[in-house]
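Residue numbers (the working numbering), protein chains in the order written: chain E, 8 to 362; chain S, 5 to 320.
Keep in mind that a hint or two might mislead.
For the chain E half of the interface with chain S, some residues (derived, Cβ under 8 Å), not all of them [unchecked claim]:
#1 66
#2 270
#3 322
Computed spacing ranges between beta-carbons, pair by pair [what the hints assert, rightly or not]:
#4 S/123 x E/139: 29 to 39 Å
#5 E/161 x S/41: 34 to 44 Å
#6 S/18 x E/157: 15 to 25 Å
#7 E/236 x S/81: 57 to 67 Å
#8 S/123 x E/54: 24 to 34 Å
#9 S/311 x E/239: 40 to 50 Å
#10 E/227 x S/313: 18 to 28 Å
#11 S/163 x E/75: 30 to 40 Å
#12 E/139 x S/111: 37 to 47 Å
#13 E/245 x S/17: 32 to 42 Å
#14 E/139 x S/81: 37 to 47 Å
#15 E/90 x S/49: 48 to 58 Å
#16 E/199 x S/54: 23 to 33 Å
#17 S/17 x E/227: 25 to 35 Å
Derived list of chain S stretches under chain E, where covered just means 3 residues or more per stretch with a C-beta under 8 Å from a C-beta of chain E [said to hold, decoys possible]:
#18 14-25
#19 81-94
#20 131-144
#21 154-162
#22 260-268
#23 276-283
Hints listed in this document are in silico derivations from the structure and should not be mistaken for laboratory results.
Even glycine gets a Cβ: it sits at the ideal position worked out from N, Cα and C.
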Amino acid sequence: MTPLRPGMRSPPATKGPPPAGRGPWRLAWRRLARSRATLAFGGLFLAVVVLCLLAPVYAHDIAHTGPNDNHITETVKVGGKTLEVVSPTGVPIGPTWHSRFFLGADANGRDVAVRLLYGGRNSLEIGAIATLITMLLAVLIGTSAGYFRGVTDGVLSRLLDVIWAFPPILLGVALGVALAVGGLDLGVVKLHSGSLLLPALIVGVVFVPYVARPLRGQVLSLRRREFVDAARVQGRGHLRILAEEILPNLTSTIVVFIPLMLANAILLEAGLSYLGAGVQDPNPSWGTMLAEGIRLTPGAIHLVLAPGLMLVVAVLGVNVFGDGLRDALDPRAGQRAIAMRLPRPTTAGAAVEEA
Amino acid sequence: MAGFLARRLAGMAAVLLAISLLTFLIFQVIPGGDPAVRMAGRLATPQQVQDVRHAWGFDRPVYDQYLTTMEKVLNGSVVSYSQQINVEEEILRSLPPTLSLAVGAGVIWLFFGVLFGVLSAITAGRFVDRSLTVVALVGVSTPAFFLGALLLYYLGYRLELLPLGGYVHLTSDPWGWFTHMLMPWLALSVAFIGVYARVLRSSVLDTMGEDYVRTAHAKGLSERRVLVRHVLRNSMIPIVTLWGLDFAAVVGGGAIVIESVFDLHGVGQYAAESIARLDVPPVLVVTLLVACAVVVLGAVVDILYAALDPRIRLAR
Numbered sequence: 008m009t010p011l012r013p014g015m016r017s018p019p020a021t022k023g024p025p026p027a028g029r030g031p032w033r034l035a036w037r038r039l040a041r042s043r044a045t046l047a048f049g050g051l052f053l054a055v056v057v058l059c060l061l062a063p064v065y066a067h068d069i070a071h072t073g074p075n076d077n078h079i080t081e082t083v084k085v086g087g088k089t090l091e092v093v094s095p096t097g098v099p100i101g102p103t104w105h106s107r108f109f110l111g112a113d114a115n116g117r118d119v120a121v122r123l124l125y126g127g128r129n130s131l132e133i134g135a136i137a138t139l140i141t142m143l144l145a146v147l148i149g150t151s152a153g154y155f156r157g158v159t160d161g162v163l164s165r166l167l168d169v170i171w172a173f174p175p176i177l178l179g180v181a182l183g184v185a186l187a188v189g190g191l192d193l194g195v196v197k198l199h200s201g202s203l204l205l206p207a208l209i210v211g212v213v214f215v216p217y218v219a220r221p222l223r224g225q226v227l228s229l230r231r232r233e234f235v236d237a238a239r240v241q242g243r244g245h246l247r248i249l250a251e252e253i254l255p256n257l258t259s260t261i262v263v264f265i266p267l268m269l270a271n272a273i274l275l276e277a278g279l280s281y282l283g284a285g286v287q288d289p290n291p292s293w294g295t296m297l298a299e300g301i302r303l304t305p306g307a308i309h310l311v312l313a314p315g316l317m318l319v320v321a322v323l324g325v326n327v328f329g330d331g332l333r334d335a336l337d338p339r340a341g342q343r344a345i346a347m348r349l350p351r352p353t354t355a356g357a358a359v360e361e362a
Numbered sequence: 005m006a007g008f009l010a011r012r013l014a015g016m017a018a019v020l021l022a023i024s025l026l027t028f029l030i031f032q033v034i035p036g037g038d039p040a041v042r043m044a045g046r047l048a049t050p051q052q053v054q055d056v057r058h059a060w061g062f063d064r065p066v067y068d069q070y071l072t073t074m075e076k077v078l079n080g081s082v083v084s085y086s087q088q089i090n091v092e093e094e095i096l097r098s099l100p101p102t103l104s105l106a107v108g109a110g111v112i113w114l115f116f117g118v119l120f121g122v123l124s125a126i127t128a129g130r131f132v133d134r135s136l137t138v139v140a141l142v143g144v145s146t147p148a149f150f151l152g153a154l155l156l157y158y159l160g161y162r163l164e165l166l167p168l169g170g171y172v173h174l175t176s177d178p179w180g181w182f183t184h185m186l187m188p189w190l191a192l193s194v195a196f197i198g199v200y201a202r203v204l205r206s207s208v209l210d211t212m213g214e215d216y217v218r219t220a221h222a223k224g225l226s227e228r229r230v231l232v233r234h235v236l237r238n239s240m241i242p243i244v245t246l247w248g249l250d251f252a253a254v255v256g257g258g259a260i261v262i263e264s265v266f267d268l269h270g271v272g273q274y275a276a277e278s279i280a281r282l283d284v285p286p287v288l289v290v291t292l293l294v295a296c297a298v299v300v301l302g303a304v305v306d307i308l309y310a311a312l313d314p315r316i317r318l319a320r
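In isolation and in its complexed conformation, chain E is listed as follows (with noise of 0.2 Å):
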């Protein structure tokens, strides 16, 4: 089960019985396999996220200080000259290129270099919950009300209308301040309000409607297949037939939004940290790390550069390793992927879905 490498032919099968025809998916793995643009930035993206979880390692052994120690009176050494870390006057020191301040440090004399992987594994922990949050929740959405149709159609239908009609930094605002100002208190989970799964949750509800509901409108058109009505009359319960022959069926729309909602996800949560409605101090992550050098610009560049080339480094990782995959999987699919926010259902309405 090598894959085979671009330009390769697959060796003549000698022995053994009759080569079946090549499944969907060794398909797609062998026109993934070609793309080696669409693996480079995969791995560019996989090594962000090794660097980032190696954070302690870093922090530990190389720069010999912590993500949240403060170092604003003390002094570095660098080239044979002694430097403070934090100028009297507030501006930091910039990036030294050795182990102590790689990066320089910030206006609270704080390793920038470690800051900036902490706060990754922080910002891209909360894209993988939240990614997964709305994959779970809108499979279930986007399935039940394909399938079951009806009532419970149009009550989860207008349920993501309303979400939808909100542009997603605007709703993530207000539940990001109105849920930081006392957590969230769900009965079975409590989460408190510095957590991390507050944001993620969040992010991961507000893009929820962007995928259930192209889902939904697969399964309804699913649903009216043979081989549904054939597994009907077998007499299989309503679930099984989802597990056993729609979900299988979305498999591919599935896997390509996973990267696609993992990029959206890591820029919202950028966003919302941002505006103060992510990521709570002094937890690190890209977005806050980002405000806080926006607020000092034009004293200390670094501060900004280093977040945000970081974060675009990952997301562009994701969003052209997600194109290739996209391709890969269905290479008719062009338009849908990016235009995932075009099928909206409150404003682009009937009229035109009927046509």
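Fit chain S to the given chain E structure using the hints.
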């Protein structure tokens, strides 16, 4: 056409009702949301809090509060809790910067999105297409506020080419207005350009395979005419949808981040500040404004659809 508009208006009323209810309820149930405590001030006695609560009607049932608030919203006399100034006047004051931002950026991102998308499609797979794809993906991956901060620093602070944020009224100083808006426009447009270029590229490529395009070629039309009259006209449909919705979102305060980076004092910034103060009336009015903008532009988009594609009819 009349039936279409009537249906749309009815739909709009329903959406507005749902959104206003939801917004109101969210702020009722959140902890720390009791406005009376905040309005009475830090050193207020329980009696004073009680007085404020009674004076503002916070002790009445929720549905009653909702109805009074909505009545005030509709006749334009609703005031904010925190500053107790008229909300609608405040929003009217913050509309010019937001509209300037939306219109200018909307034109820029539509123009360049279409230009890059078409260029990318007609050179599909070749160098120009590949470089434009890279540019588009970088644009999509860059948060607008990061780009805005970089522009401010390099163009505004280092090179001193453009002013460092703020808003100047178009009527009082057109050139000042233009220079103040240029960076916000750019920062806001870049991500949209990326999205539009990608969408249009695949849309054009899809359309090129259609029968009527082959027919147009076969009857001897020039490349250019086929592209503009037959291919582009049809591929514009997803772009028109996107544009309508994105534009509506920006008008309704969706560009909070850009507004706050460049300190434009627009609708989004007003909304964000009000949210931070847990001030229900302004948030309510802004969300209603967004919903209105989305619904109205949605109707415009559908009318444009019918104009672009004669197969689509407005009435069912």
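Hint-by-hint comparison with the structure:
1. Hint on residue 66 of chain E is violated. Least Cβ distance to chain S is approximately 25 Å, over the 8 Å limit.
2. Satisfaction of the interface hint for residue 270 of chain E is found here, the shortest Cβ-Cβ separation to chain S being roughly 7 Å, below the 8 Å cut-off.
3. Nearest Cβ of chain S to the Cβ of residue 322 of chain E: about 4 Å, under the 8 Å cut. The hint holds.
4. At roughly 38 Å, the beta-carbon separation of residue 123 of chain S and residue 139 of chain E lies within the given 29 to 39 Å, and the hint holds.
5. At about 39 Å, the CB distance of residue 161 of chain E to residue 41 of chain S agrees with the hint of 34 to 44 Å.
6. The hinted window of 15 to 25 Å between residue 18 of chain S and residue 157 of chain E holds, with their beta carbons roughly 19 Å apart.
7. Range check, residue 236 of chain E to residue 81 of chain S: about 59 Å between beta-carbon atoms, so the 57 to 67 Å window is met.
8. Range check, residue 123 of chain S to residue 54 of chain E: about 32 Å between beta-carbon atoms, so the 24 to 34 Å window is met.
9. Evaluation of the 40 to 50 Å hint for residue 311 of chain S and residue 239 of chain E yields a pass: the beta carbon distance comes to about 43 Å.
10. Checked against the given bound of 18 to 28 Å, the beta carbons of residue 227 of chain E and residue 313 of chain S, roughly 23 Å apart, stay inside it.
11. About 36 Å separates the C-beta atoms of residue 163 of chain S and residue 75 of chain E, a value consistent with the hinted range of 30 to 40 Å.
12. For the pair residue 139 of chain E and residue 111 of chain S, the beta carbons lie near 39 Å from each other, so the given range of 37 to 47 Å is met.
13. The hinted range of 32 to 42 Å is satisfied by residue 245 of chain E and residue 17 of chain S, whose Cβ atoms lie roughly 35 Å apart.
14. Taking 37 to 47 Å as the suggested C-beta distance range, the pair residue 139 of chain E and residue 81 of chain S conforms, at roughly 46 Å.
15. Between residue 90 of chain E and residue 49 of chain S, the C-beta spacing of about 54 Å keeps the proposed range 48 to 58 Å intact.
16. Judged by the Cβ atoms, the range 23 to 33 Å given for residue 199 of chain E and residue 54 of chain S holds: they are separated by roughly 30 Å.
17. In this structure the supplied range 25 to 35 Å holds for residue 17 of chain S paired with residue 227 of chain E, their Cβ-Cβ distance being about 27 Å.
18. Requiring three or more residues with a Cβ within less than 8 Å of a Cβ of chain E, the coverage given for the stretch 14-25 of chain S holds, as 4 such residues are present.
19. Closer than 8 Å: that is the beta-carbon criterion, and the stretch 81-94 of chain S has 0 residues meeting it against chain E, so the requirement of 3 is violated.
20. Using a Cβ-Cβ cut-off of 8 Å, 3 residues of the stretch 131-144 of chain S lie near chain E, which meets the minimum of three, so the contact claim holds.
21. Here's how the stretch 154-162 of chain S fares: 5 of its residues keep a CB closer than 8 Å to some CB of chain E, so the rule of at least three is met and the hint holds.
22. A stretch counts as covered by a chain when three or more of its residues have a beta carbon under 8 Å from one of that chain; for the stretch 260-268 of chain S and chain E the count is 4, and the coverage holds.
23. Coverage of the stretch 276-283 of chain S by chain E holds [criterion: at least 3 residues with CB-CB distance below 8 Å; count 4].
Comparing the model with each numbered hint stated earlier shows that hints 1, 19 do not hold.
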